[in-house]
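Visitor: Protein chains in written order, with my numbering: chain X, 9 to 204; chain E, 1211 to 1383.
It should be emphasised that the hints constitute simulated quantities derived from the structure, not laboratory data.
Take these hints with a grain of salt, some might be off.
As the list claims (entries may be wrong) - Taking lysine-lysine and the DSBU-like style, the derived pairs with C-alpha atoms no more than 30 Å apart in a straight line are:
{"hint": "1", "chain 1": "E", "residue 1": "K1293", "chain 2": "X", "residue 2": "K170"}
{"hint": "2", "chain 1": "E", "residue 1": "K1356", "chain 2": "E", "residue 2": "K1293"}
{"hint": "3", "chain 1": "X", "residue 1": "K170", "chain 2": "X", "residue 2": "K98"}
{"hint": "4", "chain 1": "X", "residue 1": "K170", "chain 2": "E", "residue 2": "K1287"}
{"hint": "5", "chain 1": "X", "residue 1": "K145", "chain 2": "E", "residue 2": "K1287"}
{"hint": "6", "chain 1": "X", "residue 1": "K34", "chain 2": "X", "residue 2": "K98"}
{"hint": "7", "chain 1": "X", "residue 1": "K109", "chain 2": "X", "residue 2": "K170"}
{"hint": "8", "chain 1": "X", "residue 1": "K109", "chain 2": "X", "residue 2": "K98"}
{"hint": "9", "chain 1": "E", "residue 1": "K1223", "chain 2": "E", "residue 2": "K1356"}
{"hint": "10", "chain 1": "X", "residue 1": "K34", "chain 2": "X", "residue 2": "K23"}
{"hint": "11", "chain 1": "X", "residue 1": "K166", "chain 2": "E", "residue 2": "K1287"}
{"hint": "12", "chain 1": "X", "residue 1": "K34", "chain 2": "X", "residue 2": "K166"}
Claimed, not checked - Example chain E residues on the side facing chain X (calculated, C-beta under 8 Å, incomplete):
{"hint": "13", "residue": "H1257"}
{"hint": "14", "residue": "S1271"}
{"hint": "15", "residue": "R1273"}
{"hint": "16", "residue": "Q1274"}
{"hint": "17", "residue": "A1289"}
{"hint": "18", "residue": "P1290"}
{"hint": "19", "residue": "K1293"}
{"hint": "20", "residue": "V1295"}
{"hint": "21", "residue": "Y1321"}
{"hint": "22", "residue": "R1329"}
As the list claims (entries may be wrong) - Pair by pair, the computed Cβ-Cβ distance ranges are:
{"hint": "23", "chain 1": "E", "residue 1": "R1294", "chain 2": "X", "residue 2": "D68", "range": "51 to 59 Å"}
{"hint": "24", "chain 1": "E", "residue 1": "F1317", "chain 2": "X", "residue 2": "P124", "range": "19 to 27 Å"}
{"hint": "25", "chain 1": "E", "residue 1": "C1340", "chain 2": "X", "residue 2": "P89", "range": "34 to 42 Å"}
{"hint": "26", "chain 1": "E", "residue 1": "D1226", "chain 2": "X", "residue 2": "L164", "range": "54 to 62 Å"}
{"hint": "27", "chain 1": "E", "residue 1": "R1294", "chain 2": "X", "residue 2": "L30", "range": "50 to 58 Å"}
{"hint": "28", "chain 1": "E", "residue 1": "Q1319", "chain 2": "X", "residue 2": "L153", "range": "41 to 49 Å"}
{"hint": "29", "chain 1": "X", "residue 1": "L102", "chain 2": "E", "residue 2": "E1297", "range": "51 to 59 Å"}
{"hint": "30", "chain 1": "X", "residue 1": "P148", "chain 2": "E", "residue 2": "E1301", "range": "42 to 50 Å"}
{"hint": "31", "chain 1": "E", "residue 1": "E1297", "chain 2": "X", "residue 2": "D68", "range": "56 to 64 Å"}
{"hint": "32", "chain 1": "E", "residue 1": "A1261", "chain 2": "X", "residue 2": "K170", "range": "40 to 48 Å"}
{"hint": "33", "chain 1": "X", "residue 1": "R88", "chain 2": "E", "residue 2": "H1257", "range": "54 to 62 Å"}
Given the structure is predicted, the values throughout are model-derived calculations rather than measurements.
For each residue, glycine too, the CB sits at the ideal point set by N, CA and C.
So the chains spell out like this:
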Amino acid sequence: MADAAHPPEPRGEAKLPALTALLEQKFSGQVLAHHAQHGDETVVIARARMLDVFRFLRDDPACRMEFMIDLTAVDYLPRRPRFELVVHLKSLSLGHRLRVKVPVAEEQAEVDSITPLWVAAEWYERECWEMYGIAFKGHPDLRHLLLYDGFRGHPLRKDYEKGLAQPLVPLRPVRERWNYGERFMPVNPEQEDQAS
Amino acid sequence: MKLPFAESFITSKLDDVINWSRKFSLFQYPFVTACCGMEFMAVYGAHYDGARFGSEIPRFSPRQSDVLFVVGTVNHKLAPVLKRVYEQMAEPKWVVAFGACASSGGFYQNYTAVPGIDRIIPVDVYIAGCPPRPEAVLEGIIQLQKKIQERGPRGFDGINPTAEHPVPRLSRE
Ligand code: SF4
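Work out the full structure: start from the sequences and follow the hints.
Guide: Right, dumping it as structure tokens:
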């Protein structure tokens, strides 16, 4: 509600929010888009120099993002570039936060790992890698976290067939059970052998 | 005085006695994976008191347990573990699928959940509910007791033959 105590959000060519302005000034050309809502800022940055931007966000005295809250990805299937990496950062000392997005093309689904900057990102990146198939360059230990060796495909991609399971144990036939239209795919035996 | 049918009933009576003792000493192996576990704890807590049905002792070694309670969602990554636990249990053994997830996969129809643990191991009693109320669980235990009393160990009644689950292997070959 907009009233005297809560003036409406400034619109149009209003002054940029602090963090966005800082990044615009420091990395002009790297900030592809930005917006802010209710005081939460979002910037979209280019993949090429993303590590520099993240390092600046962590180390600069005006940013001081000590805390990596979340790292995930979104698959916008027909759109190009298809994926978007989403990282949420927070500064515990300065009390602000920022959402950073990085567009990732399907043909070149590889981004720089931010694990060297925030150790907390390690398992997030492993999950993101197996679920979306986005590789993280420089990650110390990129292997399955939630899935298992031999799993083919990336289940959170929009073109992964819905409900396609890859059982590790052969499933028994069940008499007198209504079949829910299940689809199963045997796990690649070669890869499984390597795992055991 | 000669009892009527004295000779012809001895064997069947002995079976009845053995089955009677079996059904009141159900040591359970709680294979608890998800939210249904809360309701499982409620059943075996003092309030609902599963001990009234002779099944109060949980055994965390499959070798010592009689009934496998699969409580909660089982996913494909976990399925080999479930199968191995089942194979390690000594005969006679029974399996209870506790809740919608264990019985049918529940509302998970995706790349990760097993659509019912009966796709991995044979199941004797299915308890419906998400999660089932303790009363439903006690009803399930009573049904299992009835089944044990009437049919004896599984495999002897021609249903769910255990041949597909042979004696457990000691190592992974
Ligand atoms: S049946 Fe419902 S309560 Fe039980 S494990 Fe599944 S989702 Fe949880």
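Visitor: Taking the hints in turn, state whether each one holds.
Guide: Tested hints:
1. Distance hint between K1293(E) and K170(X) is fulfilled; the C-alpha atoms sit about 26 Å from each other, no more than 30 Å.
2. Of the pairs offered as hints, the one joining K1356(E) and K1293(E) holds, with about 25 Å between alpha carbons and a cut-off of 30 Å not exceeded.
3. Between K170(X) and K98(X) the alpha-carbon distance is near 35 Å, which puts this suggested pair outside the 30 Å criterion.
4. As the CA atoms of K170(X) and K1287(E) are separated by approximately 18 Å, the hinted pair is consistent with the 30 Å bound.
5. A hinted pair counts as satisfied when its Cα atoms are at most 30 Å apart, and K145(X) with K1287(E) qualifies at roughly 27 Å.
6. A distance of roughly 19 Å separates the Cα atoms of K34(X) and K98(X); the hinted pair therefore holds under the 30 Å criterion.
7. At most 30 Å may separate the alpha-carbon atoms for a hinted pair to count; K109(X) and K170(X) meet this at roughly 27 Å.
8. Of the pairs offered as hints, the one joining K109(X) and K98(X) holds, with about 14 Å between alpha carbons and a cut-off of 30 Å not exceeded.
9. Taking the CA atoms of K1223(E) and K1356(E), the gap is about 16 Å. The hint holds against a cut of 30 Å.
10. A distance of roughly 17 Å separates the Cα atoms of K34(X) and K23(X); the hinted pair therefore holds under the 30 Å criterion.
11. With a C-alpha separation of about 22 Å, the suggested pairing of K166(X) with K1287(E) holds against the 30 Å cut-off.
12. Pair hint K34(X) plus K166(X) does not hold up; C-alpha atoms about 36 Å apart against a cutoff of 30 Å.
13. A least Cβ separation of about 34 Å between H1257(E) and chain X goes past the 8 Å threshold, and the interface hint is therefore violated.
14. With its C-beta approaching chain X no nearer than about 22 Å, S1271(E) sits outside the 8 Å limit, and its interface hint is violated.
15. Violation of the interface hint for R1273(E) is found here, the shortest Cβ-Cβ separation to chain X being roughly 21 Å, above the 8 Å cut-off.
16. Annotation: Q1274(E) was flagged as interfacial toward chain X, and the flag is violated, the nearest CB pair being 24 Å apart, outside 8 Å.
17. Below 8 Å, beta-carbon pairs count as interface contacts, and A1289(E) has one with chain X at about 5 Å; its hint therefore holds.
18. A cut of 8 Å between beta carbons decides the hint on P1290(E): the least distance to chain X is about 5 Å, and the hint holds.
19. A hinted interface residue such as K1293(E) counts as satisfied when its beta carbon comes closer than 8 Å to some beta carbon of chain X; here the least separation is about 5 Å, so the hint holds.
20. The interface hint given for V1295(E) is violated, since its Cβ lies 12 Å from the closest Cβ of chain X, which is over the 8 Å cut-off.
21. This hint holds: Y1321(E) has a C-beta 4 Å from the nearest C-beta of chain X, less than the 8 Å allowed.
22. Because the smallest distance between the Cβ of R1329(E) and any Cβ of chain X comes to about 4 Å, under 8 Å, the interface hint for this residue holds.
23. Range check, R1294(E) to D68(X): about 53 Å between beta-carbon atoms, so the 51 to 59 Å window is met.
24. Checked against the hint of 19 to 27 Å, the C-beta distance between F1317(E) and P124(X) comes to roughly 40 Å, which is inconsistent with it.
25. For the pair C1340(E) and P89(X), the beta carbons lie near 40 Å from each other, so the given range of 34 to 42 Å is met.
26. In this structure the hint that D1226(E) and L164(X) lie 54 to 62 Å apart at CB holds, the actual value being about 55 Å.
27. Under the hint 50 to 58 Å, the C-beta atoms of R1294(E) and L30(X), about 56 Å apart, fit the expected range.
28. Checking the proposed 41 to 49 Å range against Q1319(E) and L153(X) shows it is violated: the Cβ atoms sit about 23 Å from each other.
29. At about 57 Å, the beta-carbon gap between L102(X) and E1297(E) stays in the expected band of 51 to 59 Å.
30. A hinted range of 42 to 50 Å holds for the C-beta pair P148(X) and E1301(E), which are about 48 Å apart.
31. Roughly 58 Å separates the CB atoms of E1297(E) and D68(X), a value that falls within the hinted 56 to 64 Å.
32. The hinted range of 40 to 48 Å is satisfied by A1261(E) and K170(X), whose Cβ atoms lie roughly 45 Å apart.
33. Between R88(X) and H1257(E), the C-beta spacing of about 59 Å keeps the proposed range 54 to 62 Å intact.
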